[in-house]
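Enquirer: This is what each chain is made of:
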Amino acid sequence: MAASPRVFAWKIGGDQGEGIDSTGTILATVLARAGYWIYGYKWFSSRIKGGHTHFKVRISDRPVNGASSDTHVLVALTQETIDKNIDELLPGGVVLADEAFRPRLPERTPAGVRLVPIPLSEIAKRAGGALMRNMVALGASAYLLGLDLEPFHEFVRRRWGAKGEPVVEANIKALEEGYAFAREHLPGEPFRLPSPDGRPKLTLTGNQALALGAVAAGCRIMAGYPITPATGIMETLAGILPKFGGAVLQMEDELAAVHVVAGAGYAGARAMTATSGPGISLMQEGIGLLSMTETPSVIVDVQRAGPSTGEPTKVEQSDLLALIHGGHGEGPRIVIVPSSVEECFSDGAEAFNLAERFQCPVIVASDLALGEFLHTAEDLPLEQVRIERGALVEGEELRQVGETGFQRYAFTPTGISPRSLPGQPHGQFLATGSEHNVFGHVNEEPENRRRMMEKRWKKLEAVDFPAFTYEGPERPDALVVGLGYTRGVIDEALEALRAHGASVGHLQVRRLSPFPAAELRRRLEGLPFAFLVEQNATGELRFLLEAHDAIPAGVVVEEVHKADGRPFVPEEIARPVAERLGLQGDLEAWLRAGEQLAPVGEAVR
Amino acid sequence: MAASPRVFAWKIGGDQGEGIDSTGTILATVLARAGYWIYGYKWFSSRIKGGHTHFKVRISDRPVNGASSDTHVLVALTQETIDKNIDELLPGGVVLADEAFRPRLPERTPAGVRLVPIPLSEIAKRAGGALMRNMVALGASAYLLGLDLEPFHEFVRRRWGAKGEPVVEANIKALEEGYAFAREHLPGEPFRLPSPDGRPKLTLTGNQALALGAVAAGCRIMAGYPITPATGIMETLAGILPKFGGAVLQMEDELAAVHVVAGAGYAGARAMTATSGPGISLMQEGIGLLSMTETPSVIVDVQRAGPSTGEPTKVEQSDLLALIHGGHGEGPRIVIVPSSVEECFSDGAEAFNLAERFQCPVIVASDLALGEFLHTAEDLPLEQVRIERGALVEGEELRQVGETGFQRYAFTPTGISPRSLPGQPHGQFLATGSEHNVFGHVNEEPENRRRMMEKRWKKLEAVDFPAFTYEGPERPDALVVGLGYTRGVIDEALEALRAHGASVGHLQVRRLSPFPAAELRRRLEGLPFAFLVEQNATGELRFLLEAHDAIPAGVVVEEVHKADGRPFVPEEIARPVAERLGLQGDLEAWLRAGEQLAPVGEAVR
Amino acid sequence: MATLEAFKTDEKAWWCPGCGDFGVLSALQKALADLDLEPEKVALVAGIGCSGKIGNYINSYNLHVTHGRTLPAALGVKLANPSLTVIAAGGDGDAFAIGMSHFAHAVRRNMDVTYIVMDNHIYGLTKGQNSPTSDPGAKSKASPWGNVEQPVRPLSLAISAGATFVAQGFSGNPRQLTRIIEEAIRHRGFSFVNAISPCVTFNKINTYDFYRKSLVDLEQDPEYRANDRAWALRKLLETGELVTGIVYRDDETLSLEERLPGFLQAKPVAQRTREELEAEKARVRQLIESYR
Amino acid sequence: MATLEAFKTDEKAWWCPGCGDFGVLSALQKALADLDLEPEKVALVAGIGCSGKIGNYINSYNLHVTHGRTLPAALGVKLANPSLTVIAAGGDGDAFAIGMSHFAHAVRRNMDVTYIVMDNHIYGLTKGQNSPTSDPGAKSKASPWGNVEQPVRPLSLAISAGATFVAQGFSGNPRQLTRIIEEAIRHRGFSFVNAISPCVTFNKINTYDFYRKSLVDLEQDPEYRANDRAWALRKLLETGELVTGIVYRDDETLSLEERLPGFLQAKPVAQRTREELEAEKARVRQLIESYR
Ligand SMILES: Cc1ncc(C[n+]2csc(CCOP(=O)(O)OP(=O)(O)O)c2C)c(N)n1
Ligand SMILES: Cc1ncc(C[n+]2csc(CCOP(=O)(O)OP(=O)(O)O)c2C)c(N)n1
Ligand code: SF4
Ligand code: SF4
Ligand SMILES: [Mg+2]
Ligand SMILES: [Mg+2]
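Residue numbers (my numbering), protein chains in the order written: chain C, 1 to 605; chain X, 606 to 1210; chain V, 1211 to 1502; chain S, 1503 to 1794.
Hints should not be assumed to be uniformly reliable.
[Stated by the list, open to error] Restricting the straight-line Cα-Cα distance to at most 27 Å, the calculated cross-link-like pairs of lysine-lysine (BS3-like) are: (1) S:1514 x C:42; (2) V:1351 x X:647; (3) V:1351 x X:848; (4) C:49 x S:1510; (5) X:768 x X:654; (6) C:84 x S:1629; (7) X:689 x V:1337.
Simulated from the structure, these hints should not be mistaken for laboratory data.
For reference, chain C alone in the conformation it holds in the complex (with noise of 0.2 Å):
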């Protein structure tokens, strides 16, 4: 029997349209269920069928939130799987590979892989159908990966029970057809997944979760317009805020969703729209808007590849400056960035309180890897969310106001002002995109145009969500800052740098707007050494370090920026740092050895 790896690779790969994807998420949801961490990554392009692409599991017992390079165990329903990812595959690897293609390995295949081929089209035929080949080959691997076939049972009922005993018959059959004829023909004993606490996780993607925080937080209204990577949160949504008496409005475009959110925010409820880039340029003069109305509004940008259609399925953090200072004008905005399936949620719930709070648009920068790939949590913070509803006036104050007129935008000292909703009696004032006086009515005085300015800006002033958050030694030799989905791949990183005796901290930011510029400042200060990781081509992040003033002197500033479409893996951090740090030790060995199969060959024999 094998070790087990530190974190187990399993990846299968074919065309688009054949059920990757699918295939990943069952073998991602039963393990997850079993009690193990998952991870779950795809690599695909925007067409519906046709052209590679493959959906990589990472399966250990401990939290795993990010990609590698490093595979276990290949699926490979075509050749061209085999020949683009056959680098990844570690010493006592297996290539699964169906028979009818009659696959070969390249020969560049690393030492001590093995092609196993099986006749997965075949024996799916026998099961019911070539539809039943991943099950075939889901089978196959749960004999390889040492599983119980009888969870995969279970989802199978679960998921296809209402299509009728006959459909869930075949796909039962195609597991176990898979599993005998892994267990019969293949060589040796099965690989040892480490083992598992046995409490089941969740299986989500941070679009899911974040549209449950939305739900959470008493969003009700839910205007969208498809987008590639964001449509899962309207589609989670739709499924769901029926339920609650709430709607979900599939727009005619971004402009239209922007808009249903400013009326629904105006008029009070909590309401959002989720896009991606190009719908966020669109949103532009919409955002404008609800800064300069004082709405309250949600907007998340589920990033991904630009400039303009850019790459629409691939990995990318470049809309930073373009969600803060986007908008013509001068309006304040809100914008935070979830790093983790469990902030996706916490991030989608507190958003609605902040926006309420803050009388402003708050603008949820969420990233493609975060939003569409798949991560375990033990729970969602579900319990911590609160609602607050801010400075919403009540019906005695506003009889007192009476006749003389609501001022819905008086002049306090944070800036905040009174509101009053619509069907309020009393309440009644304009809001307007103009320039407005306290009452809301237009007025372009000059004294009057400085004082609103500086009171629409001086809301953010207060503005408590968390800079950031931190984690490692008070004065580490080197600080690691991340935004975004980077987290569990920094956190990788800096487990093997640790192992060789760095003192390594990683601090990942949650807040862009405001700037937590002194917040950071004061956490830099006096540090030798700090590692920007950011996937964008220019770097915002730095860039932003840099406006604000947010870089002590004497900090050293080294950065790894990427926009290539493919999510950083923990040896892109590791070894710049280790190399600037001296680190000795074979840190190359390390980020291998974890995940390898000890002894090489021993796992097939």
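Assemble chains X, V and S with the ligands onto chain C, guided by the hints.
Expert: Quick look at chains X, V and S with the ligands alone, frame taken from chain C:
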């Protein structure tokens, strides 16, 4: 006879829609034809009729290009005009007011200011109707300013000749009666304007100049959508382009407008659009497409006060960050900033060369003060306009390409690739907003992506458009830094400072993207003090300077920025700089002295 | 019981003397009073333009949005609180140029919002450029050789797009306009009122006089039946849409809100208190568990 | 003389096997060849969607724009160089959701561009949400309780908006579709071809089978006359637009380019060389002097 002030300021005020604007324009035009330099500045609001408006004409024998807070003669058509503008009157100044509304001076009227009621409405009725009131006022003003009437008559004939003799005669009669009344009833001698050089000047707005520059550079397609204060560009071109076999299209919105430019630019036309803030927000997605497809294109933003609808008729420079960084993802754009009417012309032309040479969108960041206010110019630099069409590929080269396909996006050392135009045989290619390879085919391979992003950004490195203009000693004690319309105001401020012995330099930023960090840094290096002047609330130029690390250590930077809708006046700049430099002497007095009517009270006996 | 006065404000209207928009404003105020609505239960969403200032002069909840986006915003208001009477208003440019798409989609969506377009066949606020309803050949500074485009025909367009209430009134006939607006507000679903509202400053073609001479009251036609789509379309074609009255109405089709599953049965989302939302939170536990 | 081959490329189309878009692509290629056009004289502007990929597979000048903006971009191409044959193509979402306004305006502008909408009643590329042409009640992940909106009727809408050429073809009938596209390209002015192009992956309602059973060829109707607007509108209403053929055409109305003053008489602006533009520069002196 009164002494001649350095700059003489005449102002007319009344209700909107009563011809205030055109009355000021007539005076300015007549004076400019006589060889004066003038600056015509208006205060107005987003309504067609009613509400106070005023128009000031500053008159000098040398260039004057900014607003001021002084007035010598105020023509008041309403009491509100007096109440709102009286503080501006200089000792010796005159308020010429229509008797009809029983004008009175408020208590706070500066000493030495005289009210001269004159029966404007009554005389007008006699001359041909109430509409003639402004002409009567002009006639009276002509007398008061010591001007001949003949040039006014000539103007009337040119402007209204086509409307028939009766119209011309009524206007001339009104002018004459106003003049005669003033001569008879005004006490004392008229003022004396500085003597002009006699060379007729051009009188035009920055919008008009920019449109002319575009025509000179071969722009033949303009697609727009009306918006204050950019409409003037479309309207000017609408009168011109059809005569050049071109066309102006008023589109259904700004989304459409920018995409017409995309199509036309792709097909080889020099095409442009012009808008203001809200339109820029709507165009962000389209601009990204232009960056990604490397399509030459010109977009003008005549900035106004934002955010949202903001103050459509008020000056502001608050789109800077949005113009550079407002799109989702990272697409290269060139952003240049004219700061005079001559530069509006030359930038309006040069933008097209930059667009074709660097194959990207070029944004001209103008502003309301440049775009809408009246300027004079000796000439516009037509002869310096060169047409450079960049890397257009020749038919012969394409023939050689033949069947293998044309590499529209070939990798080159400069990042600039050869460009074919529809219609050219063998030049067919796909221009797409999706990531693509050298042929334009959609391609998401990480390595291709990396190189393409690099290539697109690489191009900007060679942009040779001037970073800034500088005027002053090599090592001044203070450097004043502005951009856009503030040039003229800073000039006046520096004149005052220099008159008091200060060594000051004037740097006007001309390019925002690619940001000329190195050039600016070099210019600032070693200087003790820089003073930034920008019209916005958050200090966007400062932000850019910091972000790009363009401020060398040791340079103390102060700034004045405001967003109250009023253009800067010289003392707002001169005063803080003088203070900082510890200037001796009475700057205050000087600032006003040059414009004072000395000796006080003599002007109008 | 709100009186007409209750819908008025002290603010002096910024329109040019004689502007058609005055008539639309007072017809709307009168209609709201006639319908016995309370100012606080009325939400008016206005666009950008001279017309868009209507919200400045009426005592109700007013939201003044970006150019062209009144309808999505009005939809948002309505969804948040279906107990409100929601009116959208704006100019012909706002509606049929930059807002054209939202107009077409609002029509097919059929949310219960009344849309009043103040149609002066011109861009007033930006000083007289042609609008999508301007006559062919009309000259303006932006088209000195005359308009080269065919005008949008809003009434036929709305009917073809599936509208359930289409009417046209004239600011010069306030009594009729008031009645039309009342009917429009009463209509359950999307109601579109094109209010001809002459721009006395920039439009020298489509004047009060022109309309007084050319408008015909469709409802006086002996063949008139409000729910005859084909007849309406034919009449509109014949008259070049120079008609007034309720051109078409369909009182059968359900409104959007009625079609949204469970929506009208629930308490309006905007009226749910913090406590109620906290209570609803509990139901999220189940949703979360479904991912396990 | 270009052959059909001349319009093909090596690139393998990325559509699902059986996708209706294959048929539209080949009909278009065939039409271009039949019309004897040269690849370099054809400019195709495509939108975003599965359909929008059509430009990737045809040998012509191709511009692939943002979602919904094909028509303004095509207008730009045409203005730059009226000697080109300009085609715009995209999906039903591209055309009738985000692009709806441009569609309505292109129709009334009547520029000489052919617009092919590849209508599958669904958002294909984003994986199967309802589109504006989806059937009422149709379920999707984004509307699990079924579509609550009435569908856009593109053909009637276009005719009501003043279109001069409106046709519908079916990807399952390539011969007819080819002929329609040829006629559309020949038409001087804006021509709109709604090409029914089933999505075999996500749309289980509007399938080939469904259309084979329900489409009727309008041109076979004994009463058919291509230029009878009222008849066409009535027929469309009766059939729920389940027709094929050239529904309406008007060959009298001038195209936009013909109406633009002096435009077609001049050399196409995109063809003017640097030297020619330099020469035209001289005329600007006069313009400048007019400000003196
Ligand atoms: C995005 C955007 N583009 C342009 C404008 C400028 N603008 C203000 S009002 C208006 C059109 C006014 O016409 P209409 O809607 O008919 O209203 P009217 O003034 O005639 O009542 C325009 C184009 C704007 N405010 N926002
Ligand atoms: C501004 C913007 N919003 C959303 C999207 C995402 N998107 C891509 S294709 C598409 C719709 C596709 O539907 P359709 O136009 O009918 O084309 P089909 O795929 O069905 O051919 C959408 C919404 C986008 N690319 N840009
Ligand atoms: S410009 Fe025209 S539309 Fe605007 S207020 Fe004046 S009359 Fe009315
Ligand atoms: S998803 Fe539908 S529209 Fe897209 S390629 Fe496949 S069949 Fe065609
Ligand atoms: Mg109008
Ligand atoms: Mg579609």
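Enquirer: Evaluate each hint against the coordinates.
Expert: Hints versus structure:
Between residue 1514 of chain S and residue 42 of chain C the CA atoms are separated by roughly 23 Å; this keeps the pair inside 27 Å, and the hint holds. Only pairs whose Cα atoms come within 27 Å are accepted, and residue 1351 of chain V paired with residue 647 of chain X is accepted, the gap being roughly 21 Å. About 15 Å separates the Cα atoms of residue 1351 of chain V and residue 848 of chain X, which keeps this hinted pair within 27 Å; it holds. Only pairs whose Cα atoms come within 27 Å are accepted, and residue 49 of chain C paired with residue 1510 of chain S is accepted, the gap being roughly 21 Å.
About 24 Å separates the Cα atoms of residue 768 of chain X and residue 654 of chain X, which keeps this hinted pair within 27 Å; it holds. As the CA atoms of residue 84 of chain C and residue 1629 of chain S are separated by approximately 26 Å, the hinted pair is consistent with the 27 Å bound. For a cut-off of 27 Å, the pair hint linking residue 689 of chain X to residue 1337 of chain V stands: about 26 Å separates their Cα positions.
Every hint, counting from the list given before, is met by this structure.
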